[in-house]
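Using the sequences and the hints, build the whole thing.
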Amino acid sequence: MDKWMLKAWEWLWPEMRKILSALLLVAIVSFAVFLLVHYGGVTRASVAFLLPVVIAAIRWGPVAAMAATITGVVPMVFLLYDPIYDLKVSDPQQVLDLGLYVFVAVVVSRLAAQLSEARVRAEANVLRQAVVDSVSHELRTPLASILGSATVLDSAEPVANDRRLAGLVHGIREEAERLDREIQMLLDASRVSVDRIEPKKDLADPADIINSAIVRRRRHISGHSLELEIAEDMPFVFVDSAMIEQALVQIVDNAGKYSPSSSHIRVDARASNNHVTITVTDQGAGFTAEEIRGARERFFRGHRHTLVTGSGLGLWIANAFIAANNGVLTIESAGPGRGSTVIMTLPSAKETTDRLESANARNDD
Amino acid sequence: MLAMTTDYKSGERAATNMLDILIVDDEAQIRRFVRAGFELQGFAIHEAETGAAAIRDATLRAHDLIILDIGLPDIDGGQVVERVRGWSDVPIIILSVRSNEAEKVRLLELGADDYVVKPFGMAELLARAKAALRRRQRAATGEPVVHAGPLSIDLATRTVSLNGERLSLTPKEYRLLQILAQHAGNVVTHQHLLREVWGAAHIDDPHYLRIFVRKLRKKIEADPTQPKILATELGVGYRLAQTSPESGLEPT
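Heads up: the protein sequence lines correspond to chains A and B, in order.
Counting along the first sequence from 1, when you hit position 110 you're at 129 in my numbering, and nothing is skipped either side.
Counting along the second sequence from 1, when you hit position 4 you're at 47 in my numbering, and nothing is skipped either side.
These aren't lab readings, by the way, just hints derived from the structure by calculation.
Any given hint could be a false lead.
Once the Cα atoms are required to be at most 20 Å apart in a straight line, the calculated SDA-like pairs of lysine to any residue come out as [stated by the list, open to error]:
id: 1; chain 1: A; residue 1: Lys369; chain 2: B; residue 2: Pro249
id: 2; chain 1: B; residue 1: Lys261; chain 2: A; residue 2: Ser377
id: 3; chain 1: B; residue 1: Lys261; chain 2: A; residue 2: Asp373
id: 4; chain 1: B; residue 1: Lys258; chain 2: A; residue 2: Arg374
id: 5; chain 1: B; residue 1: Lys258; chain 2: A; residue 2: Thr371
id: 6; chain 1: B; residue 1: Lys262; chain 2: B; residue 2: Ala227
id: 7; chain 1: A; residue 1: Lys276; chain 2: A; residue 2: Arg237
id: 8; chain 1: A; residue 1: Lys219; chain 2: B; residue 2: Asp247
id: 9; chain 1: B; residue 1: Lys258; chain 2: A; residue 2: Pro254
id: 10; chain 1: A; residue 1: Lys107; chain 2: A; residue 2: Val96
id: 11; chain 1: B; residue 1: Lys271; chain 2: B; residue 2: Val159
id: 12; chain 1: B; residue 1: Lys271; chain 2: A; residue 2: Glu246
id: 13; chain 1: B; residue 1: Lys258; chain 2: A; residue 2: Glu370
id: 14; chain 1: A; residue 1: Lys220; chain 2: B; residue 2: Val148
id: 15; chain 1: A; residue 1: Lys369; chain 2: B; residue 2: Leu252
id: 16; chain 1: B; residue 1: Lys261; chain 2: A; residue 2: Arg381
id: 17; chain 1: B; residue 1: Lys262; chain 2: A; residue 2: Ala250
id: 18; chain 1: A; residue 1: Lys37; chain 2: A; residue 2: Glu136
id: 19; chain 1: B; residue 1: Lys258; chain 2: A; residue 2: Ala380
id: 20; chain 1: B; residue 1: Lys261; chain 2: A; residue 2: Ala290
id: 21; chain 1: A; residue 1: Lys369; chain 2: A; residue 2: Ala250
id: 22; chain 1: A; residue 1: Lys219; chain 2: A; residue 2: Val145
id: 23; chain 1: B; residue 1: Lys215; chain 2: B; residue 2: Leu273
id: 24; chain 1: A; residue 1: Lys220; chain 2: B; residue 2: Asp247
id: 25; chain 1: B; residue 1: Lys258; chain 2: B; residue 2: Ser195
id: 26; chain 1: A; residue 1: Lys369; chain 2: A; residue 2: Ser291
id: 27; chain 1: B; residue 1: Lys271; chain 2: B; residue 2: Gln221
id: 28; chain 1: B; residue 1: Lys271; chain 2: A; residue 2: Ser241
id: 29; chain 1: A; residue 1: Lys220; chain 2: A; residue 2: Pro254
id: 30; chain 1: B; residue 1: Lys271; chain 2: B; residue 2: His226
id: 31; chain 1: B; residue 1: Lys261; chain 2: A; residue 2: Leu247
id: 32; chain 1: B; residue 1: Lys215; chain 2: B; residue 2: Tyr251
id: 33; chain 1: B; residue 1: Lys258; chain 2: B; residue 2: Leu273
id: 34; chain 1: B; residue 1: Lys215; chain 2: B; residue 2: Lys261
id: 35; chain 1: B; residue 1: Lys261; chain 2: A; residue 2: Ala250
id: 36; chain 1: B; residue 1: Lys258; chain 2: A; residue 2: Glu248
id: 37; chain 1: A; residue 1: Lys220; chain 2: A; residue 2: Asn344
id: 38; chain 1: B; residue 1: Lys258; chain 2: B; residue 2: Asp248
id: 39; chain 1: A; residue 1: Lys37; chain 2: A; residue 2: Val82
Following this line, the structure appears as structure tokens:
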């Protein structure tokens, strides 16, 4: 019995303490108002009773705010409403006043509660990010040693001269690189899921972004034949280049993963009115209409791909990164087994580019 | 490689012509494979575990190159670069993590010569290191011509030729190539190029540079949309492809 009560008390006490604090605050404000009324001749101070409501809402939550609202009514009527020092409310003006007070108190306390909730959520996000950062550091440091060591062995003569050993070392390297890609994917996914992707936008040459992404993945998709065509003199785009590069890397990885080795992957970039489109075409598994609808969702994996490992995060991340930069990701496919075309469309900064170009032509030397 | 082992510093280096590299990283395994990789190429290696030890070591011995991890437990990598730059122009290559372009730029501006991103392959680190060493060697021997694939830049006569044919460049175009050539194989930041070519007033206008590079690529690249000579380091700067006469362009 005692134990049960203790538990109930443990559960009640924190709430009680908040409510008591709110009541104490009301008492303090009431006393201050009393002094003003009694010695200062003040008659209109009902707004003062909103003060404990706001403070209670921010610091102790909605229940305490409600307690402050209700208890605030009594001293308000007692001290401020004619005739003072009694609890009668007769004048319609007073009724209206009271009603407004309660309404404002409720609205303010709701807003304040939302504010403090947002703060708690932001703190949770910061915490989550810290955990993800530290985990990725802990995973990546040993990975860097494994990968680096494999590349040293790779070039060492005894290994290079023995095909079996060379194959093993090559395998270590491939697998370590795969782990690195997966960790990067997790990091990107956590960035997307804290729903605050903050792109650092700047003017960028789309060709630079594409070349950078391809250089990063050239080794990885070396089993495929890659065809790269970038139109000359494309207008610049106003994006976070690192983010768009990462989105393109995900799309290219996806193309490599779901298409047979030695098939073609084509990356094509061109400008149309007000847009730059980057298209990645493969000759792989393709999409069904239903898969296209789901592919931009988190953890989506086509049911057909039981033999290919994957987390189903790639296109979801790409889609989120592109959307954060005011772009659109579209997927097209002639059907299962008939390849897919993933299109990234970004708004171009054509006018700015033209202006810079003419300024440059003028200023050159 | 052959040129590298020739003795370009008199005095204390005379006894041995092995180049001496200091690797600074708090992870023993990283130091171990970097040591192995460089020793296989005939370099001598020294190790330091902390920034303080690195600074101490660098004052005691004239290293030919420093490889510096910027996530050291004791002091900020930038501080190590600054301190070493206080008395020495030894090439410094940074080991950094991905997606931290601002940090890379900060350290490069403080005086580091190049960076590689962890995890990295030994070939990449060696290429960066050799480029930095070659630059010092060029400064010492006064070799005026820098090759980047089909492009050669003669810093003495201020002429640039592509496949043996002389190119006509504007003064600013030459100036840009000149700076990149002086750092051939190593990255040069946007800020550095803007400051040197356009002056300090334009240091915050990287767009100038992007348009300018695009025009320049049309003059020197076989396919200006897929540059092989003047490469972009996204968010950091540009790099003139490393070249060695026998092997042509090396991967960047």
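If any of the earlier hints don't hold here, list their numbers in rising order. Hints that this structure does not satisfy do not exist here, as all of them hold.
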